[in-house]
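In this text, residue positions in the sequence shown follow our numbering: the first is 17, and each later residue adds one.
One or more hints might be untrue.
Unchecked claim - Simulated restraints, written as ranges between beta carbons of each label pair:
| # | residue 1 | residue 2 | range |
| --- | --- | --- | --- |
| 1 | Pro23 | Ala266 | 42 to 48 Å |
| 2 | Ala159 | Glu100 | 37 to 43 Å |
| 3 | Pro23 | Gly45 | 58 to 64 Å |
Derived from the structure by calculation, the hints contain no laboratory data. For each residue, glycine too, the CB sits at the ideal point set by N, CA and C.
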Amino acid sequence: MGRRLTPLGCEDVEVSLCREVRLELNINGQSYVTLLGTPGAEKELVLGYLYTEGLFDPREGWPDVRLEERRQGGGLDSVRARIELPGRETPAETELWKAASGHTSRKTPWTGADRRVETPATIPAGVILDALDALRGHQPIYAETRGVHAVSLHRSDGRFLCCFEDVGRHNALDKVIGRGLIEGLPLSRAFVLLSGRASLEMVLKTARAGIPLLCCISSPTAQAVETADMLNVALVKPESGRTLLVYANAWRVVC
């Protein structure tokens, strides 16, 4: 229950709120990191996070992930992911790096070692705009709470592949990448839409997944644009009147 204040007075109203749960990643018997996010698609989140942190490569073997739920007061309180990384030592204890959004990473945000996205894929501007028009239809949690971000994945011809909502933009992108890995989706011939701002880390995750284009609803940061340019990722934002502003690698967007 909340209270709405208007120039005409006050009224009590029912409100819907999004939930957060803790997701603890335990790797090879050691606690590694704890993420906060929207309940659901925990396996996708774990795999997407591990992949974009450089902790596993599907070509070399998949981690074993076991999820343990902890419930309190009739609801989900936290989830522990017990992860076995085959053929790898337990990741070294390193200083946590936290983005302004609160997302936690153990990987240096930008070292210059990230590989460029080498796929020659291009995407028609009209395909991107049509996908943007349809994005709101894939956001049921946002429609109810107005409190989450969304990331959707589309093939270069515009075909919708998946969409995830989360209180954290990084989590939503990790879930999309995790789903792509699980289902073998064509990430090198796809693009992602983000219902928010593109930060440096969002560009790095996109590039590490081999996705050639990231479209964000809000203006990106300067570091995001510079990094997208270096990593061969097209960085795009919609403007009014079915117009796109391309900040980096405009050759990937076909008029």
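Right, here's what the structure says about each hint:
Roughly 46 Å separates the CB atoms of Pro23 and Ala266, a value that falls within the hinted 42 to 48 Å. In this structure the hint that Ala159 and Glu100 lie 37 to 43 Å apart at CB holds, the actual value being about 38 Å. At roughly 59 Å, the beta carbons of Pro23 and Gly45 sit within the given window of 58 to 64 Å.
In summary, the structure agrees with every hint in the numbered list given earlier.
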